[in-house]
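Protein chains in written order, with the working numbering: chain A, 20 to 302; chain B, 20 to 302.
Heads up, a few of these hints could be off.
Pairs involving identical chains hold if they fit within one copy or between any two copies, as the list cannot separate such chains.
[Said to hold, decoys possible] Heads up, simulated DSSO-like pairs for lysine-lysine below, C-alpha to C-alpha not over 27 Å straight-line:
(1) Lys242 x Lys221
(2) Lys237 x Lys221
(3) Lys33 x Lys44
(4) Lys32 x Lys72
(5) Lys297 x Lys87
(6) Lys28 x Lys44
(7) Lys298 x Lys44
The set of hints was computed from the structure by calculation and includes no laboratory data.
Protein chains: 2
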Amino acid sequence: MTALVLDGKAIAKKTEQELSQRVAKLKEQSGGQTPILATILVGGDPASATYVKMKGNACERIGMDSLKVELPEETTTEELLQEINNLNNNPDVHGILLQHPVPPQIDERACFDAIALEKDVDGVTCLGFGRMSMGEDAYGCATPKGIMRLLAAFDIELSGKHAVVVGRSPILGKPMALMLLNANATVTICHSRTQNLQEHIKQADVIVGAVGKPEFIKAEWIKDGAVVVDAGYHPGGVGDIELEPLKDRVAAYTPVPGGVGPMTINTLIYQSVDSGEKKITSQ
Amino acid sequence: MTALVLDGKAIAKKTEQELSQRVAKLKEQSGGQTPILATILVGGDPASATYVKMKGNACERIGMDSLKVELPEETTTEELLQEINNLNNNPDVHGILLQHPVPPQIDERACFDAIALEKDVDGVTCLGFGRMSMGEDAYGCATPKGIMRLLAAFDIELSGKHAVVVGRSPILGKPMALMLLNANATVTICHSRTQNLQEHIKQADVIVGAVGKPEFIKAEWIKDGAVVVDAGYHPGGVGDIELEPLKDRVAAYTPVPGGVGPMTINTLIYQSVDSGEKKITSQ
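The task is simple: from the sequences and hints, build the whole structure.
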């Protein structure tokens, strides 16, 4: 059996074409207005700078604008909160991305939660998480929401399936678990304190690696015919799951790179376009 | 082996003594002020009326006041929102309980979410759920938080244990799962679409029945030595779990009645006293 490749790069590219059309239409109808995503980068971490740049480039590709805010390494929580507040009050800004992680002196949670719900297109606020969890309208957290969109694009059935999420971080494991639950999967959440991790993973119809350690999840723990989603990305182009031995015995898998990563950025711009449309067409 | 009885009634009674002392002290220090819980009952459902009355009585027993708001069956969402808004703005009210369920014409979620975070002592808002999930300060949803308090009172270890929650409702299954996860349990959430429910339950070190159907979960599905938590209550004094055959082979169980129920009300008043203390001592 050859596994279905959940090609996030291809789905992202296809979606970008649709988004370009939506942005062009919006511009035409509004006398030139376009959705604007504000990206905030604090400090000089090269990986974070690269991610922010990739996000800006994605905006550009679909005709959206981005507003780049770059703050020094020594920025305080109060200064960042003030910046977010300015962007909340800026009627031209439709979405706000605060690049994770921020330097250690900053209260990241307080800053995430300062983002106005209607501009939280990266899905990082507690309020947005709570609303999503309860089935209320809210932008989903970008990585898990990107995974849900990818699974949907390939018609992967989730209802009644046993999904095992390894990891419980605020912007990955936890929202992933609630999204899968709301899609009617039976969900198990494993983490660093889990006993018998292998036994849990062996039962997974759908396994999501969201643990942040290279090839931490071994191929032999995963059953034949499973759907394998790898949200990790590490130097050398490996994810959280030992993928190579699985390619001829699982039902489907996300490649690393080119699986989850492109869908994260795609979800960010997808939700930014949504927000821009809502705001601009309501004027 | 005789199972440990997780006697919620006894723990609630003991806690009420402590709460009485805290309320008395607060009155003394503040020139007679006491925490006030506003209870809102919409319509004439007799079970709901009984619950609200029990909650009012619990306030009375510890020296707190309650403000009873009773609205007619035909109340609209707008009218209820207005009432909640009044209570949010009333500086003498420290907690607000909207008795679930409300009549079908009312948007219960909108009304829950209108409750100010600092007065959400029943833990029903999306914001409170999101904050609790992310480990931020928030009042927990009363029934699952009551269960956590009960398990803590009997030193039941949760870290690394496999907890299986059967049910995913907004005010029981979902917050229960997140609270157990935050206590470092490995958590599986089962529900009406779950396949092979028995197989999941058989693995549980801790099983929480939150499904709302009398004795839906059979004794034979539960392994020896498990901790059994039954959040159901049905006519005839049975819960969601077939309990009788388990009493000599599990490690611990919540009796029905007298287990989870008293802890729910106790948590509501516990959190109301907290809120009252915060507000009154900050004046």
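Results of checking the hints against the structure:
In this assembly of identical chains, the alpha carbons of Lys242 and Lys221 lie at most 27 Å apart whether taken from the same copy (6 Å) or from different copies (20 Å). In this assembly of identical chains, Lys237 and Lys221 lie within 27 Å of each other by CA distance both inside one copy and across copies; the values are 10 Å within and 25 Å between. In this assembly of identical chains, Lys33 and Lys44 lie within 27 Å of each other by CA distance solely inside one copy; the values are 17 Å within and 66 Å between copies. Within a single copy, Lys32 and Lys72 get their C-alpha atoms as close as 17 Å, which meets the 27 Å cut-off; across copies the closest is 59 Å, which misses it.
For the homomeric pair Lys297 and Lys87, the shortest alpha-carbon distance inside one copy (22 Å) is at most 27 Å, but the shortest distance between copies (41 Å) is not. In the homo-oligomer, the alpha carbons of Lys28 and Lys44 lie at most 27 Å apart inside one protomer (24 Å), although the nearest pairing across protomers, at 63 Å, exceeds that limit. Proximity of Lys298 to Lys44 under the C-alpha cut-off of 27 Å is restricted to the intra-copy arrangement: shortest distance 14 Å within a copy versus 52 Å between copies.
Every hint from the earlier list agrees with this structure, and none is contradicted.
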